[in-house]
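First to last, the protein sequences are chains A and B. FYI, the working numbering numbers position 207 of the first sequence as 207, with every residue one higher than the one before it. FYI, the working numbering numbers position 41 of the second sequence as 41, with every residue one higher than the one before it.
Calculated directly from the structure, the hints in this document are not laboratory data. Predicted, not measured: the structure shown is a model, and the values here were computed from it. There's no promise every hint is true.
[Claimed, not checked] Here are a few chain A residues that face chain B, going by a calculated C-beta distance under 8 Å: (1) M30; (2) S31; (3) K39; (4) T41; (5) A44; (6) K91; (7) Q157; (8) T161.
[As the list claims (entries may be wrong)] DSS-like cross-link-like pairs, simulated, lysine-lysine; straight-line CA separation at most 25 Å: (9) K28(A) - K2(B); (10) K28(B) - K91(A); (11) K11(B) - K220(A); (12) K33(B) - K69(A); (13) K220(A) - K186(A); (14) K150(A) - K38(B); (15) K33(B) - K90(A); (16) K211(A) - K21(B); (17) K28(B) - K329(A); (18) K329(A) - K33(B); (19) K46(A) - K21(B); (20) K220(A) - K28(B); (21) K70(A) - K30(B); (22) K401(A) - K414(A); (23) K409(A) - K340(A); (24) K70(A) - K11(B).
For glycine and all other residues, C-beta sits at the position ideal for the given N, C-alpha and C.
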Amino acid sequence: MDTFTQNTTEIILESISDGVFTVDHEWKIMSFINRAAEKITGIARKDAIGRYCWNVFRSNMCQDECALKKTMQEGKSFFSSSTYIVNSQKKRIPTTVFTALLKDKKGNIIGGVETFRDHRLVEELRKKLYGSFQMGDMISRSQAMRNIFKLLPKVSQSDSTVLIRGETGTGKELIAKAIHDLSPRKDNPFVAINCGALPDTLLESELFGYKAGAFTHATKNKPGLFATANKGTILLDEIGDTSPSFQVKLLRVLEEKACLPLGAVKKEKSDIRVIAATNKNLSKMVDANTFRQDLFYRINVVQLKLPPLRQKMEDIPLLVEHFIANLNKIRGKSVSGIDKTALGILMAHDYPGNIRELENIIEHAFVLCSKGDITKEHLPSTLTRQSLIEIEDNASQFPLKAAEIKVIKIFLKKNNYGRKATAKDLGIDKSTLFRKINKLGINLPKIDGRFKR
Amino acid sequence: MKVAITVWDEKISPVFDSAHKLLIADIKNKKIKNISYKSFDPELEARLAEELSLIGIEVLICGAISQAYSTLIEARPIQLIPFINGNVNEVLESYVKGNPLAPAFLMPGCREEEESP
Numbered sequence: 001m002d003t004f005t006q007n008t009t010e011i012i013l014e015s016i017s018d019g020v021f022t023v024d025h026e027w028k029i030m031s032f033i034n035r036a037a038e039k040i041t042g043i044a045r046k047d048a049i050g051r052y053c054w055n056v057f058r059s060n061m062c063q064d065e066c067a068l069k070k071t072m073q074e075g076k077s078f079f080s081s082s083t084y085i086v087n088s089q090k091k092r093i094p095t096t097v098f099t100a101l102l103k104d105k106k107g108n109i110i111g112g113v114e115t116f117r118d119h120r121l122v123e124e125l126r127k128k129l130y131g132s133f134q135m136g137d138m139i140s141r142s143q144a145m146r147n148i149f150k151l152l153p154k155v156s157q158s159d160s161t162v163l164i165r166g167e168t169g170t171g172k173e174l175i176a177k178a179i180h181d182l183s184p185r186k187d188n189p190f191v192a193i194n195c196g197a198l199p200d201t202l203l204e205s206e207l208f209g210y211k212a213g214a215f216t217h218a219t220k221n222k223p224g225l226f227a228t229a230n231k232g233t234i235l236l237d238e239i240g241d242t243s244p245s246f247q248v249k250l251l252r253v254l255e256e257k258a259c260l261p262l263g264a265v266k267k268e269k270s271d272i273r274v275i276a277a278t279n280k281n282l283s284k285m286v287d288a289n290t291f292r293q294d295l296f297y298r299i300n301v302v303q304l305k306l307p308p309l310r311q312k313m314e315d316i317p318l319l320v321e322h323f324i325a326n327l328n329k330i331r332g333k334s335v336s337g338i339d340k341t342a343l344g345i346l347m348a349h350d351y352p353g354n355i356r357e358l359e360n361i362i363e364h365a366f367v368l369c370s371k372g373d374i375t376k377e378h379l380p381s382t383l384t385r386q387s388l389i390e391i392e393d394n395a396s397q398f399p400l401k402a403a404e405i406k407v408i409k410i411f412l413k414k415n416n417y418g419r420k421a422t423a424k425d426l427g428i429d430k431s432t433l434f435r436k437i438n439k440l441g442i443n444l445p446k447i448d449g450r451f452k453r
Numbered sequence: 001m002k003v004a005i006t007v008w009d010e011k012i013s014p015v016f017d018s019a020h021k022l023l024i025a026d027i028k029n030k031k032i033k034n035i036s037y038k039s040f041d042p043e044l045e046a047r048l049a050e051e052l053s054l055i056g057i058e059v060l061i062c063g064a065i066s067q068a069y070s071t072l073i074e075a076r077p078i079q080l081i082p083f084i085n086g087n088v089n090e091v092l093e094s095y096v097k098g099n100p101l102a103p104a105f106l107m108p109g110c111r112e113e114e115e116s117p
């Protein structure tokens, strides 16, 4: 390269907003080429040269899904639109990455080159665009969820105890996290504990801590979650599964805002916001004397009820898109979307495991699909077998319509063809259900759910 | 004392947030008594500190870490020694001997903030 060309290249590289670096065959940084690379990573050129690229670039893809490694192995360029790096200020910076081979004048491969772009602005704009149906990590177009989203900023600003109800997999922990992130406590810890998974003694020691000598092997003081998450938020998940004796202790802590670590003689103050979650109907449990009434009233100050996924089937395309974007980021893949038939199969499923089940299905598809669209071949065989039997032949042409017909039929049958109960289960008005039945040409048997046979 | 290190082969994982294997070393009288490995999933953010605490981890040595994880771990309280890079055995050996890990094992562009045992 002559001096003029070299100078021109340097000027161009210095003026672009994408960061560029090159590595040799041992993954060591040969050149940390431009100012943008220094600005995005916060690392000076002199500190980067000669270091392993993963210790400089520090991306979530470095360990298992390195784009540069793929380029060097396969001899072709890669683009990844969804990755992030962690800078030395502990900030995650969303980035896009482009990799290519680096060759000398004779065409010999001497290493690789990586170009990366700071995507923070794009991410902010995307959040604003999706703002009306996104809250924290939750995403929904359904009216029930959007009503909750509208309520969350107010709930977050108050310091009241919140009870989140919902079937397993509906996103109770995500709602709790969103409340914390929107609250004045957001810079302090958010911790979650599954109360149903631990025996009483372990649960108490986890929550309230213990003092040295409280029991055998307790050689040191151990603060509980109420102490360590001080000024933050705690989620007590599966509160309905706790024992009556634990419920008494918890009630006392909530009322006194102080807890007594095991082996301690003095109570320790704790300023913590409590969010409780359950998949059970606590008010029925109170009636059955299996949950303390006083604790129920203490935690049921604000109640949020999360609808199951089968009542907000309109969310499935949005959720699928959301999971694909997330998994592309985590797994370093470039799956572009889902085809109509596969989406139709997903729309026809009734999701007893709710959003978590849908997420697992997409994760399963990611194992088999690296790029392009997810097709029905990538879905779990149990799902496709069941759906192939149940979806009519014309489903491949109109999969969404077929799925909608199937869902309505399932709920009509479940409710003995009672229109009112079916509409309620589907989360739509009765008039909307009638309109859909007529529009989709669903034939109803001559029975009526109001009359039991 | 139990010390955990996020590992990737023989190296420290460059990013804690996407690491998935922990080396757990039992240290007594400046000697390693036992080493074991455990898979973990940092995506389960709110449960992570609880999980580490249940194992009895007192010190966590890792690579780059984002603020959310850092706050959670330090709140337990687990002593966090972040932004460390290099060969796991060398880092562990140095830590056990009581030598400071910074600046020798500090990632480029990072300031010293760790304490030796």
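Restraint check for K33(B) with K69(A), where alpha carbons must lie at most 25 Å apart:
Given that 25 Å is the threshold and the Cα spacing comes to 37 Å, the pair is violated.
Is it true that the CA of K28(B) sits at most 25 Å from the CA of K91(A)?
Not OK: K28(B) and K91(A) at ~35 Å, beyond 25 Å, violated.
K46(A) paired with K21(B) [C-alpha distance capped at 25 Å]:
violated (31 Å)
Please work out if K401(A) and K414(A) have their alpha carbons no farther apart than 25 Å.
holds (20 Å)
Check the hint pairing K28(B) with K329(A) against an upper bound of 25 Å on the C-alpha distance.
violated (40 Å)
Does the closest beta carbon of chain B sit nearer than 8 Å to the beta carbon of K39(A)?
violated (12 Å)
With chain B as the partner, please determine if M30(A) meets the hint condition of a C-beta pair closer than 8 Å.
This hint is violated: M30(A) lies away from chain B, its Cβ roughly 15 Å from the closest one there, beyond 8 Å.
Given pair status - K21(B), K211(A), alpha carbons within 25 Å
violated (31 Å)
Between the alpha carbons of K220(A) and K28(B), is the straight-line distance 25 Å or under?
Given pair K220(A), K28(B) holds - Cα atoms ~15 Å apart, limit 25 Å.
Minimum Cβ distance from Q157(A) to chain B below 8 Å?
Because about 21 Å separates Q157(A) from the closest Cβ in chain B, which is outside the 8 Å limit, the hint is violated.
K91(A) as chain B interface residue, shortest Cβ-Cβ below 8 Å:
Given a least distance of 7 Å, the restraint on K91(A) holds.
If you draw a straight line from the CA of K150(A) to the CA of K38(B), is it 25 Å or shorter?
violated (41 Å)
Checked against the numbered hints above, the structure violates hints 1, 2, 3, 7, 8, 9, 10, 11, 12, 13, 14, 15, 16, 17, 18, 19 and 21; every other hint is satisfied.
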